[in-house]
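*Asks:* Build out the structure end to end from the sequences listed, making use of the hints.
Spelled out, the chains give:
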Amino acid sequence: MSTQNIDHNDDGETRRDFLYLTAGAFGAVGLTSFAWPFLDSMNPAADTLAMSTIEVDISPIQEGQSITVVWQGKPVFIRHRTAAEIEQARSTDLKDLRDKQVDSDRVQNEKWLVMVGICTHLGCVPLGQKITQPKGDFGGWFCPCHGSHYDTSGRIRKGPAPKNLTVPNYKFMNDTRLLIG
Amino acid sequence: MSGGERAEFKNPVVSWIDERLPVFSLMQKEYGTFPTPKNFNYFWNFGAIATVMLVLMIVTGIVLAMHYTPHADHAFGSVERIMRDVNWGWLLRYLHMNGAAFFFIAVYIHIFRGMYYGSYKKPRELLWIFGVLIFVLMMAAAFMGYVLPWSQMGGWAATVITSLFSAIPFIGEDLLHFLWGGFSVDNPTLNRFFSLHYLLPFVICAVVFLHVWALHVTGSNNPVGVEPKGKQDTLPFHPYYTAKDTFGLAVFLLFFAAVSFYTPNIFAHPAHFVEFNPMVTPPHIVPEWYFLPFYAILKAVTFDIGIPFTDVVFVSAKLGGVIAMFGAVFLLFFLPWLDNHPVKSARYRPLYKKALLLLVVAVLALGWAGAQLPEGLPVLVGQIGTAYYFAFFLIILPWLSKNEKALALPKSISAAVLEENKSKAQTTTGTAT
Ligand code: HEM
Ligand code: FES
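Same order as they appear, the protein sequences are chains A and B.
Counted the way my numbering counts, the first sequence spans residues 26 to 206.
Counted the way my numbering counts, the second sequence spans residues 26 to 458.
Quick caveat, the hints were computed from the structure, so don't treat them as lab data.
Quick caveat: nothing in here was measured; it's all calculated off a predicted structure.
Hints should not be assumed to be uniformly reliable.
Computed far set for chain B versus chain A, every beta-carbon distance over 12 Å [stated by the list, open to error]:
1) Asp110
2) Tyr320
3) Ser448
DEER-style ranges, computed between Cβ atoms [unchecked claim]:
4) A/Met198 with B/Trp115: 49 to 55 Å
5) B/Lys256 with A/Trp61: 56 to 62 Å
6) A/Gly206 with B/Leu200: 19 to 25 Å
7) B/Glu400 with A/Ser66: 38 to 44 Å
8) A/Met198 with B/Ile87: 51 to 57 Å
9) B/Leu200 with A/Thr157: 33 to 39 Å
C-beta: ideal position from N, C-alpha, C; glycine also.
*Replies:* What follows is the structure in structure tokens.
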């Protein structure tokens with residue numbers, strides 16, 4: 026057989042090298058696949074994933090008011106915007122934006138702005154939900170951790186954050202009920 | 026480490042064991058007769074001090090863990106219970122809390138000693154690398170420990186620091202959910218941090234073992250940075266340095282005890298005594314003091330890096346800050362190759378000495394800037410400090426390695442010691458007349 030020839034040529038070294046390599050490769054693949062369950066067990070578990078939707082009654086929120094609800098352990102900002110805020114958000118020139126997005130792409134109904142209230146820099150909760158809190162230089166939200174300013178559409182305008190506040194999946198079930206997730 | 030030569034022991038039990046497993050011979054060789062340069066100053070105490078602090082952290086930690094509950098709903102309460110109801114619980118927690126701070130004080134001085142006297146240079150590069158590895162593991166352990174009481178400051182520190190990983194392009198978000206075990210810092214995060222916080226100190230012990238092993242292969246450096254040339258330059262470790270280390274340790278522990286008993290919360294922040302609320306970030310979050318210089322480097326990058334006057338961005342401010350912060354620690358691993366000037370001790374390198382002392386000033390300034398709100402002067406100080414930090418390692422050290430003319434080195438440790446004594450004698454007679 027041909028292997029015998031090779032064995033003779035190389036004093037049997039080739040066959041042995043081949044066996045070493047295959048055994049090593051199988052061992053490496055086996056160990057790596059064995060590591061997977063250990064690593065994947067650290068990913069979000071089934072019950073964590075299951076807490077994925079909430080329903081919110083938005084009828085009590087007056088114009089100019091905001092509420093914060095908890096979704097997947099994260100704060101979600103729901104703001105009933107004033108006409109002035111809507112106007113400010115819509116008239117902003119795209120070239121002034123770091124993360125370019127028009128206001129109409131960020132809302133389903135322009136009166137209601139729904140966003141995850143987590144600064145896209147390093148995850149603090151921006152201020153601006155309460156009347157007494159600072160709203161930053163652009164009348165929206167201000168993150169105190171490293172000074173990010175968001176506008177009335179929740180878009181990043183100044184400071185270290187790279188992205189606009191995230192808009193989660195949501196839908197209006199009727200005029201007063203909102204389903205998030 | 027192997028069998029090797031064995032010492033003679035009078036005690037028959039010791040002798041019996043030593044014949045079968047030569048642990049006593051080993052101790053005798055490595056800590057008894059071990060030849061140690063005779064000119065150490067007190068900077069050489071801090072390795073031993075750090076080791077004692079590590080042991081203290083493990084002992085207090087294990088007992089704390091018997092009373093602590095790693096669950097988001099109970100962690101804060103269980104730590105309060107430790108403080109109020111558990112016998113001596115306040116003592117255990119204050120020793121552990123302030124122990125971490127004093128551990129870092131000892132290690133920072135230890136690192137400075139290494140840099141000042143060139144202890145990282147050939148043949149001690151690997152010894153230095155193990156040291157930097159210990160420093161990195163310590164930071165990880167302390168960071169995760171700080172999260173365990175589930176306080177406002179700890180929880181938000183965890184949020185901000187883990188969110189650093191979201192700066193990594195493409196996989197950042199998934200990696201973050203993997204680290205958290207969910208979609209925010211929550212119970213799964215607390216659980217794994219407790220598991221790792223328990224584990225890491227023992228990993229540190231293992232690396233300390235390698236660090237000390239490497240030390241005992243090359244032997245210690247010393248303040249003049251000239252290797253011992255023979256017996257006349259060294260002393261046996263015991264009793265000379267066991268005594269000196271014990272004295273230094275006692276003084277250090279005096280400070281540690283004074284803080285732990287009289288001002289135990291001096292390093293703590295008020296928001297560390299309020300339970301974690303994931304819906305409200307405290308108005309000003311700061312990490313523990315020992316992370317402040319690195320935190321300032323993170324905050325110093327406030328600009329995107331890309332093609333000027335266009336929207337093309339290669340590295341966002343966020344990613345840039347993260348790279349700078351991790352880079353600042355990572356650079357330390359390469360110190361032996363960034364500075365390859367043949368002279369070790371800063372005593373004989375006037376320019377290096379100035380540059381290094383300026384680095385200390387820069388790091389202290391960064392520490393101050395790291396604790397301030399990111400507006401105005403602190404940002405500027407942070408940026409200047411960061412620029413100097415990187416310039417020191419990447420420009421000044423390589424340049425000095427080629428161009429600095431060192432002062433004349435003493436012929437040996439003994440020659441240096443005699444010289445020093447002579448000049449001391451001269452000044453005393455000088456004042457007498
Ligand atoms: C490298 C050594 C260690 C360092 C630097 C370290 C650091 C810390 C820090 C900074 C805290 C927060 C203290 C506070 O603010 O209350 C902490 C808490 C804690 N650590 Fe450690 N630790 C170490 C070793 C250990 C070990 C070996 C254990 C054993 C299980 C342990 C168990 C705990 C527990 C249960 C807590 C929560 C109770 C408390 O907050 O006092 N630690 N650690
Ligand atoms: S987390 Fe908001 S600015 Fe850094």
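*Asks:* Going through the numbered hints above, which ones does this structure break? Give me the numbers in ascending order.
*Replies:* 2
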